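Student: The chain contents come next:
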Amino acid sequence: MNSINSIWARWRVERKSQIRGFKLIVYTMSRSPLSVIGFSFVLIFFVIALIGPILITYPQDVRGAVHMDQKFKPPSSLHPFGTDEVGRDIYSRVIMGTRISLQIGLLIIFVAMGIGVPVGIIAGYLGGWVNEVLMRITDIFLSVPGLLLALAIVGALGPGIKNAMLALSIVWWPGYVRLVQGKTLSLREESFVEAAKSIGASKFRIIFGHILPNCTSPIIIKASMDMGMAILFAANLGFIGVGAQPPIPEWGAMISTGRNYLMNHWWMATFPGLAILITVLGFNLLGDGLRDVLDPQSRI
Amino acid sequence: MKRYFLKRFLSIIITLIGLSVIVFMVSRVAPGDPAKLAAGPDATEEMVQIIQKEFRLDDPLPVQYISYMRGLLRGDFGRSIRTRHQVQEDIRLFLPATFELVFFSIAFAIAFGILFGILSAVYKDTWIDHGARVFSVTGVAVPMFWLGIMLQLLLAAKFHLLPIGGRLDTMILPPTTITRFFLMDSLITGNWVVFKNALSHIFLPAFVLSFPALASITRINRAEMLEVLHKDFILNERAQGISERLIIAKYALKNALIPTLTMIGLRYGWMLGGTILVETVFDWPGIGNYAVGAAVYSDFQPVMAVTIILGLNFMIANLFVDLGYGVLDPRVRYE
Amino acid sequence: MGPILEIKNLRIEFKTFEGVSHVLDGVDLTLGRGDTLGLVGETGCGKSITAKAILRLLPVPPARVISGEILFEGEDLLKKSEEEMKGVRGRRIAMVFQDPMTFLNPVFTIEEQLADVILAHGEGDGSGPNSRREKITRRQAVERGIELLREVKIPQPELRIKSHPHEFSGGMRQRVLIAMALSRSPQILIADEPTTALDVTIQAQVLKLLGDLVQRHGHSVLLISHDLGVVAKVCKRIAVMYAGSIVENCSTVQLFKRPLHPYTRGLLNSILVFSKREGEAQGIKGMIPDLIHPPSGCRFHPRCSEVMEVCEEEKPLFSEIEGDHWVGCHLYKRG
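In order, the protein sequences belong to chains Y, S and W.
For what it's worth, numbering that gives the first Met the number 0 labels the leading residue of the first sequence as 0, then goes sequentially.
For what it's worth, numbering that gives the first Met the number 0 labels the leading residue of the second sequence as 0, then goes sequentially.
For what it's worth, numbering that gives the first Met the number 0 labels the leading residue of the third sequence as 0, then goes sequentially.
For reference, chain Y alone in the conformation it holds in the complex (with noise of 0.2 Å):
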């Protein structure tokens, strides 16, 4: 018992500047209203992501069960939002199309960064004509806009949730690029960079060392601010038929269907939407209040 007391002890007391460096973060951001509602709506949306299971009320409704007596019911104590074409309740749909969304997130903004801050940091620090060929080429893939070069991957390896996470992860990456490299190439002329270099540090050690370190802060804000919209981006596929497909509970794929019922039974394209709309705006709080704290400089 006491070795563990000491091996915390031991820990607080070396990583102290960093404990305080966070509590700063936390005691900022507590400060500010939108923070917080943003914080919160993501903090919900998490815990919903991980214990759907247990919030649903009709857990075969999920993916295939069809129940043509309960169809088009209005939302009811039953069903707070109501069933669909094919009497699934909608509720339990939303509820797990949170989980999904959250897969899709992570993932695309995982390995866009997986790709993203590699490129970008050697880009940057090796300069010279690596530099020339990786930022044109990343240049290249932000040329034309996201949403369409995603419809063109998509359209050419055909619809479903994969090849749209596949897609939107290439959509991705080059933004990291650019944040990294421009990162890297202003930290390299830092002089802690210089000096580790003058004691024979290798470049290695260097790119892990002290350059990744300082690119985490950037990095965090736009990974917060990505994951909405990747999972907005997500939706976007799957409404134009491309993504998710029926009858996976994707948000955007809901809200296809529920159009085609919209004038009589409203309910199934607006719960769905409303559920995007929380966790983007909740994605997009949370990264502005961590911007605001972590980089006030910058705006964009």
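Derived by calculation from the structure, the hints in this document are not laboratory data.
Source: prediction; values computed, not measured.
By construction, the Cβ of each residue, glycine as well, lies at the ideal position given by its N, Cα and C atoms.
There's no promise every hint is true.
[Stated by the list, open to error] Here are the simulated lysine-lysine pairs, DSSO-like style, with alpha carbons at most 30 Å apart:
(1) W:K152 - W:K79
(2) S:K157 - Y:K72
(3) W:K7 - W:K314
(4) W:K79 - S:K123
[What the hints assert, rightly or not] Here are the in silico distance ranges between beta carbons for each label pair:
(5) W:Q214 - Y:T27: 51 to 57 Å
(6) S:Y122 - Y:S29: 26 to 32 Å
(7) Y:F21 - S:D282: 48 to 54 Å
Starting from the known structure of chain Y, arrange chains S and W on it as the hints suggest.
Tutor: What follows is chains S and W alone, placed relative to chain Y:
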């Protein structure tokens, strides 16, 4: 100045070529035999062979790419499986509708975004400001297609204030073709009835398309105005007796517009992408709708073409943005 | 006729997130007609705030005037409406700022900025408050601008007026600011650290220019600086400020010959020693006080070498000790 233009022009060409390579590679990645796809579901083995020969689908990829590029330079984007027309014909047909829509949307977003941004900054912490800030934060988070559907339901279906979709009522004939922009053409020919009709039809799609851009532009313009109004030169202008109105509308605004311009360029790109959503919701006969129809059908030529065309449009828009910096900020002119 | 500007017992506080800062603690200042008065003090003593307060340029939510009067030609400027102040700023009282890099709008030409200043209120060049108000055209305003640039010794003014601020050197930009301030022949010129951001050689040039202009046109001048040397060159009288109040006010000659207040003596000691090339530089012990929790009684007492018991309890009265030599210190009684 000329050298700058030339450099940028060259840059655009190179980027465009790069884009065409990427798009081409994507198209060739498609699963399934392109010849079979092109031939259609009920083609015989012979027909597939013929198509393979005609489109040189046997040749190695680089050769295929060259012939593809040759075609592009001629303006030949291939043939659409779905409509059975030449893609370039389809595009000529649908492009004006998209541009009319996009033009209206971006004009609306810029004009009102800047205006709301200014008002929000000048009347900081009042209800005007709070309202604008709520709007600017939620506006970016709202799914465009959902907003379109909801507004369609409320304004068109339930209250019959605006039409549900399309560019014109089905009974009305389009105006004489001059620019192919219905609003322009009907104004030029003095066709008031068509003008009103076209206007009522474009309103909702343009509004929905502009929504996120409007929100973003409002937001950044507000932030920039607030930032600039605290600067020393504004203090000096006030001290010298220049009127507050002139300070806001001229001296502060021009400075604030510089970063706002960056956002406008960014948002224009997102708007071009957004056309595929809005045109789908409102049955707007533009190239966005066309591309979606093709993508769902696995008809790749139109999607490629639309991607390249809108990509080029975006690149040109970025060129204009860069020129805009030069106009606004004399400090960059001397680089 | 009376003095042209009289500040009586001005008290101003500033709300900061750490508390309320009592920046001005009863400032008494008199500027005679045609006089040149220097206001000297360390950074943070409140000189700039006093200057801005005269023109009502302080942002009123964080800043608050608690009491006092600012009498200009007998009228209290603090009681005037914003509209009336607009007629004063630049027109009857003008200000020249320091650090010309940030005080000129970077995206507009000098011509534009000068012309707008001249045109503010649509008045002609006028020569003092008695000229009639006439509207002049922009063309005429630009002509006048060129004339002004010539007066401040900017070479080739017709050409240079079309330049932007970043194309000028620091010294030239300062001259432009001076030209702006003098453009409508104000009665009072307030110069807030006009040479602080300049190289020493340029400083001398600009000061000479200021001196010449003042002599020629007969403005009353309030020159603010932390540099005694600068103030001594241009001003006939000097007021020394410390932590929000004036501690000594006398002619320049008297200040150097017979400084009375311990703070003034300390200031002189820290620079005069160099000219003697012997002895050590004598600083004043301690630091400038925290104005959120200022020292009781005389604000200088914690650092004063001649402090007495009463200094901690009571703030000394600012009174005339000898002929036109005012001091605020318990060491001296009215005589």
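Student: Take the hints in turn and mark each one as holding or not.
Tutor: Against the structure, the hints come out as follows:
At most 30 Å may separate the alpha-carbon atoms for a hinted pair to count; W:K152 and W:K79 exceed this at roughly 36 Å. Between S:K157 and Y:K72, the direct Cα distance comes to roughly 20 Å. Compliance with the 30 Å bound is thereby established for this hinted pair. With a CA separation close to 16 Å, the supplied pair W:K7 and W:K314 stays within the 30 Å bound. For the suggested pair W:K79 and S:K123, the alpha carbons sit about 25 Å apart, so the restraint of at most 30 Å is met.
Between W:Q214 and Y:T27 the beta carbon distance is about 55 Å. The supplied range of 51 to 57 Å therefore holds. In this structure, S:Y122 and Y:S29 meet the distance hint of 26 to 32 Å, their C-beta atoms being roughly 28 Å apart. The given range of 48 to 54 Å is respected by Y:F21 and S:D282, whose C-beta atoms sit roughly 52 Å from each other.
Going through the hint list in order, the structure does not satisfy hint 1, though it satisfies all others.
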